[in-house]
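Below are the chains, spelled out letter by letter.
There are 2 protein chains.
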Amino acid sequence: MGELPIRQGRAGGRGARRALREAPDFAMLPALHRGLPTCEIMDPEHVARIDAASMAILEDVGVIFRDPIALADWKRVGADVRGERVHLDRALVRQLISTIPSSWTYRARNPEKSLPFGGKNAIFVPMTGAPFLRDLDDVRRWPTLNDLAMFHKLAHMSPALHSTAHHIVEPMDKVVAHRHLHITYSSMKHSDKTFMGMTTSGKNAEDVMTMCEILFGRDVMETTPVTTGNCNGNSPLVWDETMLSAMRAFCSRNQPVLCSPFVLGGANTPASVAPAVAQLNAEALSALAYTQVIRKGCPAIYGHYLSTVSMKSGAPMAGTPEISLMNFMIGQMARFYNVPWRTSNLLGGAKTFDAQAGYESAMTMNAVLHAGANYIWHSAGWNEAGMHCSVAKFVVDAEMCAMGYRMAEGPRWDDFDVAMQAVRDVGPGGHYLGHPHTLENFERAFFMPKMFDNNSIEQWQAEGSVEITARALEHAKKLLGDYEEPRLDAGIDEALRDFIARREREIPAVDALNTEH
Amino acid sequence: MGELPIRQGRAGGRGARRALREAPDFAMLPALHRGLPTCEIMDPEHVARIDAASMAILEDVGVIFRDPIALADWKRVGADVRGERVHLDRALVRQLISTIPSSWTYRARNPEKSLPFGGKNAIFVPMTGAPFLRDLDDVRRWPTLNDLAMFHKLAHMSPALHSTAHHIVEPMDKVVAHRHLHITYSSMKHSDKTFMGMTTSGKNAEDVMTMCEILFGRDVMETTPVTTGNCNGNSPLVWDETMLSAMRAFCSRNQPVLCSPFVLGGANTPASVAPAVAQLNAEALSALAYTQVIRKGCPAIYGHYLSTVSMKSGAPMAGTPEISLMNFMIGQMARFYNVPWRTSNLLGGAKTFDAQAGYESAMTMNAVLHAGANYIWHSAGWNEAGMHCSVAKFVVDAEMCAMGYRMAEGPRWDDFDVAMQAVRDVGPGGHYLGHPHTLENFERAFFMPKMFDNNSIEQWQAEGSVEITARALEHAKKLLGDYEEPRLDAGIDEALRDFIARREREIPAVDALNTEH
Numbered sequence: 017m018g019e020l021p022i023r024q025g026r027a028g029g030r031g032a033r034r035a036l037r038e039a040p041d042f043a044m045l046p047a048l049h050r051g052l053p054t055c056e057i058m059d060p061e062h063v064a065r066i067d068a069a070s071m072a073i074l075e076d077v078g079v080i081f082r083d084p085i086a087l088a089d090w091k092r093v094g095a096d097v098r099g100e101r102v103h104l105d106r107a108l109v110r111q112l113i114s115t116i117p118s119s120w121t122y123r124a125r126n127p128e129k130s131l132p133f134g135g136k137n138a139i140f141v142p143m144t145g146a147p148f149l150r151d152l153d154d155v156r157r158w159p160t161l162n163d164l165a166m167f168h169k170l171a172h173m174s175p176a177l178h179s180t181a182h183h184i185v186e187p188m189d190k191v192v193a194h195r196h197l198h199i200t201y202s203s204m205k206h207s208d209k210t211f212m213g214m215t216t217s218g219k220n221a222e223d224v225m226t227m228c229e230i231l232f233g234r235d236v237m238e239t240t241p242v243t244t245g246n247c248n249g250n251s252p253l254v255w256d257e258t259m260l261s262a263m264r265a266f267c268s269r270n271q272p273v274l275c276s277p278f279v280l281g282g283a284n285t286p287a288s289v290a291p292a293v294a295q296l297n298a299e300a301l302s303a304l305a306y307t308q309v310i311r312k313g314c315p316a317i318y319g320h321y322l323s324t325v326s327m328k329s330g331a332p333m334a335g336t337p338e339i340s341l342m343n344f345m346i347g348q349m350a351r352f353y354n355v356p357w358r359t360s361n362l363l364g365g366a367k368t369f370d371a372q373a374g375y376e377s378a379m380t381m382n383a384v385l386h387a388g389a390n391y392i393w394h395s396a397g398w399n400e401a402g403m404h405c406s407v408a409k410f411v412v413d414a415e416m417c418a419m420g421y422r423m424a425e426g427p428r429w430d431d432f433d434v435a436m437q438a439v440r441d442v443g444p445g446g447h448y449l450g451h452p453h454t455l456e457n458f459e460r461a462f463f464m465p466k467m468f469d470n471n472s473i474e475q476w477q478a479e480g481s482v483e484i485t486a487r488a489l490e491h492a493k494k495l496l497g498d499y500e501e502p503r504l505d506a507g508i509d510e511a512l513r514d515f516i517a518r519r520e521r522e523i524p525a526v527d528a529l530n531t532e533h
Numbered sequence: 017m018g019e020l021p022i023r024q025g026r027a028g029g030r031g032a033r034r035a036l037r038e039a040p041d042f043a044m045l046p047a048l049h050r051g052l053p054t055c056e057i058m059d060p061e062h063v064a065r066i067d068a069a070s071m072a073i074l075e076d077v078g079v080i081f082r083d084p085i086a087l088a089d090w091k092r093v094g095a096d097v098r099g100e101r102v103h104l105d106r107a108l109v110r111q112l113i114s115t116i117p118s119s120w121t122y123r124a125r126n127p128e129k130s131l132p133f134g135g136k137n138a139i140f141v142p143m144t145g146a147p148f149l150r151d152l153d154d155v156r157r158w159p160t161l162n163d164l165a166m167f168h169k170l171a172h173m174s175p176a177l178h179s180t181a182h183h184i185v186e187p188m189d190k191v192v193a194h195r196h197l198h199i200t201y202s203s204m205k206h207s208d209k210t211f212m213g214m215t216t217s218g219k220n221a222e223d224v225m226t227m228c229e230i231l232f233g234r235d236v237m238e239t240t241p242v243t244t245g246n247c248n249g250n251s252p253l254v255w256d257e258t259m260l261s262a263m264r265a266f267c268s269r270n271q272p273v274l275c276s277p278f279v280l281g282g283a284n285t286p287a288s289v290a291p292a293v294a295q296l297n298a299e300a301l302s303a304l305a306y307t308q309v310i311r312k313g314c315p316a317i318y319g320h321y322l323s324t325v326s327m328k329s330g331a332p333m334a335g336t337p338e339i340s341l342m343n344f345m346i347g348q349m350a351r352f353y354n355v356p357w358r359t360s361n362l363l364g365g366a367k368t369f370d371a372q373a374g375y376e377s378a379m380t381m382n383a384v385l386h387a388g389a390n391y392i393w394h395s396a397g398w399n400e401a402g403m404h405c406s407v408a409k410f411v412v413d414a415e416m417c418a419m420g421y422r423m424a425e426g427p428r429w430d431d432f433d434v435a436m437q438a439v440r441d442v443g444p445g446g447h448y449l450g451h452p453h454t455l456e457n458f459e460r461a462f463f464m465p466k467m468f469d470n471n472s473i474e475q476w477q478a479e480g481s482v483e484i485t486a487r488a489l490e491h492a493k494k495l496l497g498d499y500e501e502p503r504l505d506a507g508i509d510e511a512l513r514d515f516i517a518r519r520e521r522e523i524p525a526v527d528a529l530n531t532e533h
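In order, the protein sequences belong to chains A and B. According to the working numbering, the stretch in the first sequence is residues 17 to 533, in order. According to the working numbering, the stretch in the second sequence is residues 17 to 533, in order.
These aren't lab readings, by the way, just hints derived from the structure by calculation. Backbone N, C-alpha and C fix where the C-beta goes; we use that ideal spot for every residue, glycine too. Treat the hints with care, as some may be off.
[To be verified] Cut-off 25 Å, straight-line C-alpha distance, at most; resulting in silico cross-link-like pairs (DMTMM-like, lysine to aspartate or glutamate):
no. : chain 1 : residue 1 : chain 2 : residue 2
1   : B       : Lys328    : A       : Asp67
2   : A       : Lys328    : B       : Asp96
3   : A       : Lys328    : B       : Asp189
[Unchecked claim] Over 10 Å on every C-beta distance to chain A, these chain B residues come out as not near it, computed from the model:
no. : residue
4   : Lys91
5   : Asp105
6   : Lys205
7   : Arg513
8   : Ile516
[To be verified] Quick list of simulated restraints, FRET-style, between CB atoms:
no. : chain 1 : residue 1 : chain 2 : residue 2 : range
9   : A       : Pro60     : B       : Asp430    : 40 to 46 Å
10  : B       : Ala43     : A       : Thr115    : 51 to 57 Å
11  : A       : Ser118    : B       : Val93     : 54 to 60 Å
12  : A       : Ile508    : B       : Leu449    : 47 to 53 Å
13  : A       : Glu238    : B       : Ser472    : 42 to 48 Å
14  : A       : Pro60     : B       : Leu504    : 30 to 36 Å
15  : A       : Lys328    : B       : Asp441    : 23 to 29 Å
16  : A       : Asp59     : B       : Arg503    : 42 to 48 Å
17  : B       : Leu449    : A       : Lys466    : 40 to 46 Å
18  : A       : Asp430    : B       : Ile508    : 54 to 60 Å
Work out the full structure: start from the sequences and follow the hints.
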C-alpha cells in the first residue's frame, strides 16, 4: 500500500501546480511495486495437481529439443535422452530451477531508469513483432526503420512504459539478415530506458550481446541483466534450434530470456483451461531448467504467449475469459516455483481501433494485473492479433498502463485522518471543491486520462465530434514534436555504428529469416 | 470452482451439437456462482479503520434525513435527532443492520428464472435511466415507450442478463406522472425475468408495489423479494423525502432497495480513495439501518454509484483506477457487515461506441467481478456517462457479461485427468484438433464471442470491413426478429391494464418529476 510516487517540487502552491500540470511530463514511473493482491483462483491442492501433472509429462512423455548441442547438454547433466526426446526427472527439474534468481535489477543506460524486477516489482514493455503498422494517418502499411524509430520515441516518452522493447514493428526496408543490428541500435539510440534483444537466431543473438557489451561493458553484464530475449516454444512440447541457440547466447552472458510456450488453446493444447496450463507449465519448466544447464544461476523468466482458438474459424482470440483464468493460474505456478514471470498485455484482435479493441485490451490488462505478472510485455499498440501495431492504440495503451499502474499500487492511507477532518469540515450537504485537502490533493487523487473524452456531448460536438483514434493520433504527433533524443556517449555511438557496418559487410544480404552466420 | 452449467441434451453427438450451435440460444444462465476469489485490497486493520471512521461520522457529524416521517421514526428507536440531523450511535447501527438477510431468492414470474442472491451469488442487470438512446441506426434521439420495450426484449433474450430492470431508457412519449406505470408494465409484459421497481416518488413506488401484488400476490411478497428499488443518497450525508418515502413503500412490503450514496469523487467526497469510501460507507450504513427501522428483517442491499470527477473540467469519469479500488474496498466493507451489495458495470463516458467506451467498460467489469459484487447493475448499454443507452453497446455488453460470468465461475477440473491423457496421446509436436477430448469439449472449452471479429483482415475486408457498431446493430435486429413474448396470464394482464387505466385517470397528467399523488 505504498505512497504514490510524486516528484519533489510539486508542493509549490496552486500556480506552480497548474504550470506543472500544463507542461508535458515524460518522466518514467518507477517499476510498479504492487499493492494489489494476486488473484489465487486455485487452492493449494490445485497448484499441486498442476505441478504433479506437469512433472509426469516431463518424466513420461518428455520434451523434444531439436538441437544437437542441447541434447548433448542434457546428456551431460544426466537426463534420459532418447533420440531428440528428453525425459526429465522431477528431482532434476526442481534442482535446476532452484538456482534461478527470484528477483534482480535491470540496468538501463541511464542509471535513473534502472528497474528492480521480480517479486512485487513489475515493468511494462511495449508490443513487438508487428509486420504492419497503422501509422500517424491510421493507414495500414508495411513499416520502415523510421517507423520503428517513431515507436521507440513514443515508448521513451510514455511514463508508464519501462522499456522500448525491440522490433515493435518490422523495419521492412532493411534486409532480414541485417535487421537485428538496426533494430537493436534504434532501441539503444532513441531512448535511455531498458530494451529487449533480438533472438531470431543464435548468431543474431550473439550480435545483440556484442552491442550490449559495447554499450554497457562485459563486466557489467556478468553481474547485471541489461536486456531480455524471448524464446518461443513450439507447443506441444518442442523447443527448436533457433530458440535454443539464442537462449545460449543470452544465458551464457548472464542475460535473461523469457521461456515462452506459444499457446493456441484448443489447437496445440487440450481444449480445457487447467490441462492447457499443465502442458504449458511443463514446457516452461523444461526451458527454465535448460537455462540453468547453460549457466547455473543465470536469470530467467517463466513465459508464455496465450491465445484461445475459435473452434468455428480457427482464428486466435484475445481478451477471452479463459485467457484471464490461465493468467491467474500461471501466476500461481510461477510463484510456486519462485521464478519471475512474463505475460502479454492489452491485446486486441480487431482490425481497427474500435470498441472491440478497447474491450479486449482492457480485459487483458486487468487479468495481467490481478495475476501479478512481472514482465508485462506487448503493453502498447497490439491489435489485429499482433499483425499490426497502431500508433493511435499505442498512445492510448500507454496511458492505460499508467491507469493500471495506479490501480495496482493500491490506495494511499497517509492522508486518511486529514481527509476525515475534511468530512467534518464540509458536513452534510456541502461540497469539497474549495476545501484545502482537495486543493492540496486533487492532482494525485483521481487519474484524469488525456485520451478519454469525458466532456458533455455539446462540448464534444463543439470541438468537432472527435473520436478516440483521431484524438490519439493528434496526441502522438504532438509527442513526437516534443521528442528530445537522450544523450549517447559519442565514442559508444561510433563503436556501435562501426560494429553494425562491419557485420553488414560480413553477413550476406540474403533476405531470408533466421539466416545463420 | 463449480462445473460449467451445460443444459441437458447437448451430449447427442456431433450433428446434434452442430445443430444446437447454429440455433439461437436465449436460455438464461443461472445466477452467477462465483469461483473467482474476491480482491482483498485492504488488510483487516484497514477495514477496521474505515469502519471506525464511518461510525465516528455517524455519531459526531450525523446524517440529514430531509423527511418528517423518517425523523419521527429515528426518534422512536432512540436516535439522537437534532433538527433534520440524525446522530447515530454505532451500537444502534450495528444492531439495526444485523437483521438484514445476507442472502435470499428473487422470485421471477417464471419460476425457472428465480435467482439465488447474496454471498457468492450474483446477478447482471441492464442499465437504466438514460434520457437518450442510440437507436438501431445508431442515431442519438429521445426514447419512446416502444424503444423501452425493445430494450426489455433484448434483455429478455440475453442469456447473461438476469433482469430487465425498469426504465432502461425514459419513455418520453408518456407524461412523467404516468411513466412509472408504463415502465413497470413493459418490464412485466416483455419478459418473465425479474425486474426493478420505480422509486421516483413514494406514491409511484406504491403503484409499483400494487402492480407486483397483482402479478405475484401479496402473500408471496410477504416472504419473497420479487423486485428491487434504488434509493440514491445525496452525498455528502443527506437522504431526501423522495427516496425515503419510496424506501418505505418497498421495505414495508418486504421488498429490497439499493441504498446508494451517489459519489462524484472529489466533488461530494474527499479527493482521496480511502476517505471517500469511509464517507460512502457511513451514508450506506445510515440508509441500511433505516430499512430495518421501517421493517425489521426486510432485505436490503448496500449500494453506491461511483464516478470520479475530472478536476480539470468537472466531468464525471468512468473506468478510472480509483473506481476499481473503491469497488474492491466497498466489497470488503459489505462483506464485513454481511450484507449483499450493488455496484455498476460496463460504464462508458464516450459519446459514441468507440474504443474509449470499450476500455472504460471492460475496466469497470473487471473491477466489479474481482470486487465480488452481488447486484451488478448498469450491465448493458451505458455510454456518455449514462446520458444515452446504445443498442449496439447493449448487445455487446450483454455478451461481455457472459464472458465475465465465465471468468468469474473459475476453471473446471472435472475433465483434468482425461485431458492429461490427451497430452500423452498427442505427444510432442502433434495437434489436438482431431482428438476425442477436443471434439467432446470444444464448445464449452473456450468462449467464442459473436460480437468480436477475430478473422484475418483479408476475410474481414471481403465481408465488407464492418466494425463492431454495425455488427452489433445487425445482431440486435436479428434478435428482435426472433423475439417471442413470454406468456402472461390473461387475467393478470387485464388486471394490470385496468390498474394502469385507473391510475391514469386519478393522476393528473402534469409533466413534472416526482409528482406526489
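Taking the hints in turn, this is what the structure says about them:
no.: 1; hint: Lys328(B) x Asp67(A); verdict: violated, 51 Å
no.: 2; hint: Lys328(A) x Asp96(B); verdict: violated, 66 Å
no.: 3; hint: Lys328(A) x Asp189(B); verdict: violated, 44 Å
no.: 4; hint: Lys91; verdict: holds, 18 Å
no.: 5; hint: Asp105; verdict: holds, 17 Å
no.: 6; hint: Lys205; verdict: holds, 31 Å
no.: 7; hint: Arg513; verdict: holds, 37 Å
no.: 8; hint: Ile516; verdict: holds, 34 Å
no.: 9; hint: Pro60(A) x Asp430(B): 40 to 46 Å; verdict: violated, 19 Å
no.: 10; hint: Ala43(B) x Thr115(A): 51 to 57 Å; verdict: holds, 54 Å
no.: 11; hint: Ser118(A) x Val93(B): 54 to 60 Å; verdict: holds, 57 Å
no.: 12; hint: Ile508(A) x Leu449(B): 47 to 53 Å; verdict: holds, 51 Å
no.: 13; hint: Glu238(A) x Ser472(B): 42 to 48 Å; verdict: holds, 46 Å
no.: 14; hint: Pro60(A) x Leu504(B): 30 to 36 Å; verdict: violated, 51 Å
no.: 15; hint: Lys328(A) x Asp441(B): 23 to 29 Å; verdict: holds, 24 Å
no.: 16; hint: Asp59(A) x Arg503(B): 42 to 48 Å; verdict: holds, 45 Å
no.: 17; hint: Leu449(B) x Lys466(A): 40 to 46 Å; verdict: holds, 45 Å
no.: 18; hint: Asp430(A) x Ile508(B): 54 to 60 Å; verdict: holds, 59 Å
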